[in-house]
Amino acid sequence: MLSAPDLEQNCVRDYRKYSDTVAVCCAVYNLFSKNADLAKFVGIEHSLQNSDGATVTPDIAATFDNDKKGLVLELKWSLPSDEKLLEKEIKELGKYAVPCSHWRKSADKVDSQDLVLVCHIDDAQRVADMIRSLSKDEEQSYLAKEGFAVWSWSITPPKKGERKEELRLFSVYGKTRNQKIEELISQPGGILFPEEVLTFLRFTFTFIKEKPPLQYTMTIMIQNILSTFQRSSERESYDLHVDMIYERAKSFFPSWHEYDTTTIQIKRKWIGEALEKLCELGLCDKAPNKDDWWKIPIPILRTRKPIQQVLCKKIAKTYLKQIRTKKKGRPKSSISRPKATKKDKAITDYLS
Amino acid sequence: MTQNLRDQTDEFINRDDHSLIEKQLLFEVRTLQKLTAQIADRLSMNLLFEKMYTTRQKRPPLKALILLTDLDPESLKDLVQRRKKLARIYNVNLTKLEGDLYSLNVKRFLWKDHISGNAILDASFKGVWVVYCNEKSRFARFGLDRLFARLYPDVSRLYINYSQIRTLLDNIKDAYRGQTTLTYFILKREPKSADSSYKSGTFQLWEKNAEEELRSQSKNYRLAIHLVNFEVRDENNAILLQGQMSRRGVCKLRFGSFAMFHENVVLKAIELGLKWKGFYGHRERLVKDGEILLRPFRIGYSSQFDEKQLYRLTEKISKNYLCSIIHGGNPYFAANVCDYLDGSSFGVTALGNNVTITPITKGSHQAAWKLTNRLQEILGDGEIASIMG
Chain A
0 MLSAPDLEQN CVRDYRKYSD TVAVCCAVYN LFSKNADLAK FVGIEHSLQN SDGATVTPDI
60 AATFDNDKKG LVLELKWSLP SDEKLLEKEI KELGKYAVPC SHWRKSADKV DSQDLVLVCH
120 IDDAQRVADM IRSLSKDEEQ SYLAKEGFAV WSWSITPPKK GERKEELRLF SVYGKTRNQK
180 IEELISQPGG ILFPEEVLTF LRFTFTFIKE KPPLQYTMTI MIQNILSTFQ RSSERESYDL
240 HVDMIYERAK SFFPSWHEYD TTTIQIKRKW IGEALEKLCE LGLCDKAPNK DDWWKIPIPI
300 LRTRKPIQQV LCKKIAKTYL KQIRTKKKGR PKSSISRPKA TKKDKAITDY LS
Chain B
0 MTQNLRDQTD EFINRDDHSL IEKQLLFEVR TLQKLTAQIA DRLSMNLLFE KMYTTRQKRP
60 PLKALILLTD LDPESLKDLV QRRKKLARIY NVNLTKLEGD LYSLNVKRFL WKDHISGNAI
120 LDASFKGVWV VYCNEKSRFA RFGLDRLFAR LYPDVSRLYI NYSQIRTLLD NIKDAYRGQT
180 TLTYFILKRE PKSADSSYKS GTFQLWEKNA EEELRSQSKN YRLAIHLVNF EVRDENNAIL
240 LQGQMSRRGV CKLRFGSFAM FHENVVLKAI ELGLKWKGFY GHRERLVKDG EILLRPFRIG
300 YSSQFDEKQL YRLTEKISKN YLCSIIHGGN PYFAANVCDY LDGSSFGVTA LGNNVTITPI
360 TKGSHQAAWK LTNRLQEILG DGEIASIMG
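Quick mapping for you: the protein sequence lines, in order, are chains A and B.
Residues 0 to 351, numbered by numbering that gives the first Met the number 0, are exactly what the first sequence covers, in order.
Residues 0 to 388, numbered by numbering that gives the first Met the number 0, are exactly what the second sequence covers, in order.
Treat the hints with care, since some could be wrong.
Below, in silico cross-link-like pairs of lysine-lysine (DSSO-like), each with a Cα-Cα straight-line distance of 27 Å or less [to be verified]:
#	chain 1	residue 1	chain 2	residue 2
1	B	K315	A	K304
2	B	K207	A	K294
3	A	K163	B	K315
One side only, chain A facing chain B, incomplete, derived with CB under 10 Å [claimed, not checked]:
#	residue
4	T155
5	E194
6	F251
7	N288
8	I299
Since the hints were derived computationally from the structure, they do not count as laboratory data.
Even for Gly, the Cβ is constructed at its ideal location relative to N, Cα and C.
Same shape as in the complex, but just chain B (with noise of 0.2 Å):
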């Protein structure tokens, strides 16, 4: 935490206007995010959030934001110096703590305010980041993850579906073995057929035993899964853990454990997370002994589209890629798409209920799980499948 944010929050906790309530949350607050700047190493991370969040109190959960980047972390300040955009706005500054673990302080300048704040960086793993921050979301939101939505394809996001997270939490509850339930979820919905009587748009729902809402919105809608609460409970049906994962590979730690947390989704998160970045990695249209190899890959629905969704399709994704559309959904959907920040290429179609996609030039894991990302998200989540060429 910067001094100048550290003496603005004992200004406020000085002024008598505030019920007691309140200055003594600020004062918790202000109390963990000293304590998050003075982390010296992995020991003291561990024991502080193990500490914070083993105990019941109102405090922002633990943001544990997976990256996916082969860069070493000393080259952040240079990545963010490079673009110069980015550099204008953001000032990052990252001092080593011990081997692969780093302290993060970032400020973003905001028209005339600026948020800032801790965080950690945990590079241990070989072609990930983790990122760890107990700040409130507004840091964590227009902060770091906007810094790091920035800084691709150099760091990539782990963008993960409705399919993959029901396979993590499968993970985490058979990791801890306990009985996980959904108490929370948003999520995107578009009707499958035509009739007027459902609704699209944003769903969100809380429920102790939310995922059998899930399931049945799942028969009716196409659903794009924005994030989802979940709980593990052991047989006494005591809570072992709280938490949240997000579609854009956030996990939340809200109660239990930090290191079951890291072993049971953190790791699994990351776990998933290479497996996905090894099936999109070198796809690209290859010419071999004179054959034109080519290595597609399938998102699954289980209804066909109709012209309205492909036309949407056609509508949305031009916003995000350069596109050139060869059929706009009749009487079919086909596309040429080129990532502007990557320069990856991409042939895209929707026929019947699948989409496919068949990387041309460039063709990296990034840009690859972005755009199926993007499909999804328009389309609704499906089951992604490689294709055999």
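For reference, chain A alone in the conformation it holds in the complex (with noise of 0.2 Å):
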């Protein structure tokens, strides 16, 4: 088992993981929008029908050559360690690599469509090589073919004096059939996206499609959500219904113009689990009586370490205290009889 201070780290790792992850999300989308010649953007979680006829959203979907052939990029924060998980995983990207319809309305169908996995530089080798072991599969071929790619990219820290740090994305395996994409990410170094991705386009978006971990959410909620509703600067408690917060939200998931009932759904459970952790770490109250109401304090936390931190640490050591009251489980029932004394009489005289 983990210590609380494993358990803190890992907590913390994962929120930054996220984050970056969705910065990049930010970066290609600005790549493509601004730079029409490499692909021409159509959407961030962007409806696809597909042969099989289900819908698909990818993170990012755009297409090249004419809008003939179209490009399917899936981020991934992060990847399961486990093998099993992470082959289930990589299995289910086989939805993308169905010819899907719906692209645009002047194009609806394409002739080829690539997919990119874009992960963490920590999951890459891993997801590489579980590729290289799947594609041997007939089922799975498509991923041993052309118009499949792994992506990874990375923040790297300036060499003294000499440059600043840069945001690049590599390709870890395949090859897209882009041309001009595939000069650029062939090229030493990789993609190096503008400055401004680091410095502000990151904030254009909170959240990715893939469900972020508990603490991020908290977090967004805490910092940029909840703290919209303060009216006065000393600390007051609001009653908040979860539809209020996540109309507040809304615009912090990159396509929220353009969602349908069961995104709503799942992107309002989001935040209902975020207001549940909350509560169970004693930040904030259920309203009495009333379904999804929330008593909440705002601002809701002072702290003088970041937010993250003291979050994750609340986590950890309600995780650990739950796991040893699971562990010592029900107290066995002992029955416990007053001994004997000498004036008692033994039960068999009662027999006689």
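From these two lone chains plus the hints, build me the complex, please.
Now the structure itself:
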């Protein structure tokens, strides 16, 4: 079992990984929307209809070669370390390999479509190894063909006095059929994003399609969403309905204006879960006798430490407490009887 | 001045164990304060301050505290009352004198003691209050200054950095048609390089021409200016004005014509304040026709940040703001900060030699300006400019 500091460290690391993945999503969005010659941006979480009849919503969709070819990018902030779970995750990418329609109003279908998996550098090697082994399977053969690639990203620290920190996207496995993109990504150091991505564009959106770790949603809610309800400079308690919070949070999801009911439910659920957790950590309360209403003090937290660190510490503490309670289980029932004294008769005396 | 304090002063003067000079000085202060309390309109205020500061006498300087607010001064008492902690330690009385001119009496309870005094509140400029006070600096600092600091975000300060002070001094020089010289300054400095011969900390200098030293300091250090004393002289080298300007928007008149000071210093500072209020305002993240619009701005520096400076930024900023630090300095600094009192939130990054501030939600001008000032207090004064998103 991991110790509290390890749990806390992992929790903070996950927060950072998700946040950087959002930055990469904003970077790619910016790259395609500003450079139509590379690929024409279609949308973030744009609904595509695949030939199996299912609707798929890749993180980023774009077209190239005069809308004749499609490009789908799927971002994963973290991939499981367990091999079976990782295999399952990679197999799930198969839904994007099936020919899709509904790309654009003007170009409903494309001749071919490419798929790129963008993952964190910590997972890149494991993912590449797994793909190599899976591609031997006939069903997963698309993984070995041209048109499938794995990209990763890094923020490089500056060399002394030479250059600034940079965000670069580089290829880990495979190739797309987009010549221009391949020329860019195959150059030493990969695709260099403009500085703006690291400085302000990373704040364009706050979420990607993949579910964020709970500590991430909680932090964003405390800082960017619940704080907007604040009306006084003094700490006050506000009664808020989950829908009120969702309404304020909506624009932080990249495809907020294209939402269908299912997506709304999912995102609303993330918020609900974060509120439940905040409540569990003792930072807010449920409003008595009112469903989905919460009693939230704003500012919810006053601390001199980074907020995610404080939340992660609380989460780790609560988790370990729960584990310890579970291990102990229910106390065994023992019947205690007073010991017999010399004056007491033996039970057999009553039987005679 | 309250009756109580006046009685105390009388009692002090009547004691025999003071020198004649001390008595004279106290008498002088008391008379002045009495006079301030007797200001009945703008004309009498102008005449009194004009007379006071054009004669060479030892007396507290006239402090002009410039505040930004859209509120009516008459709501000041309510503002204090609404803040429970503030209402417990402050007693504020406001009397209308004429038009937008008010007499302000402030009493602050300090443990077993109290400080109290009078000031004049001028609200004749839209969106600005100017509080004039010629009481001793203890009252100005711990009474008035603290009161208005705690009225944030309803009432906000005007924060000026080194380059803005320089702009202001140039404007003052032009307005007086004279020569401005810095005679004193206090600043905080942090070496730009890791060279151990350069020391960090507070640095102050009294010198006739302090500006040159300030320039040479800026070559090797990141500077956060705290205050400057300056003089304006005419072509015959006669002093026209002796004043002071602080980072937190307090202009002081030590010697010189009040009318000129008002016209050439206070009004210029207000002008600058309103210009920057406009700069910091309306920058929050917006959604327009399905597009997300960001209006970031940056603080530019002449040299790149090193890891040590960025770690220091992480440590310091968390003390004043609700922060989530995405990267604490390695490979760069990126954080999401939220103002506890205002609820505004910002994305802050430090990359290369620029600090970028991206207002996210709410993003009021008060909060943006306050945050920019705090960042400059930590990293040193820089050049503020808008980024075209």
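Hint consistency between K163/A and K315/B [alpha-carbon to alpha-carbon, up to 27 Å]: Holds, at roughly 23 Å.
CA of K207/B to CA of K294/A, is that 27 Å or under? violated, 61 Å
If you take the shortest Cβ to Cβ gap from T155/A to chain B, is it below 10 Å? holds, 7 Å
So, as I understand it, the hint says N288/A touches chain B; can you test that by seeing if any CB pair is closer than 10 Å? This interface hint is violated because 28 Å lies over the 10 Å limit.
Hold the hint about E194/A up to the distance rule: shortest CB distance to chain B must be less than 10 Å. holds, 6 Å
Once the shortest beta carbon distance from F251/A to chain B is found, is it less than 10 Å? holds, 9 Å
27 Å limit on alpha-carbon distance, applied to hinted pair K315/B and K304/A: holds, 10 Å
Can the hint on I299/A be confirmed by a CB-to-CB distance to chain B that is less than 10 Å? Cβ of I299/A sits 9 Å from chain B, so the hint holds.
In summary, the numbered hints that this structure violates are 2, 7.
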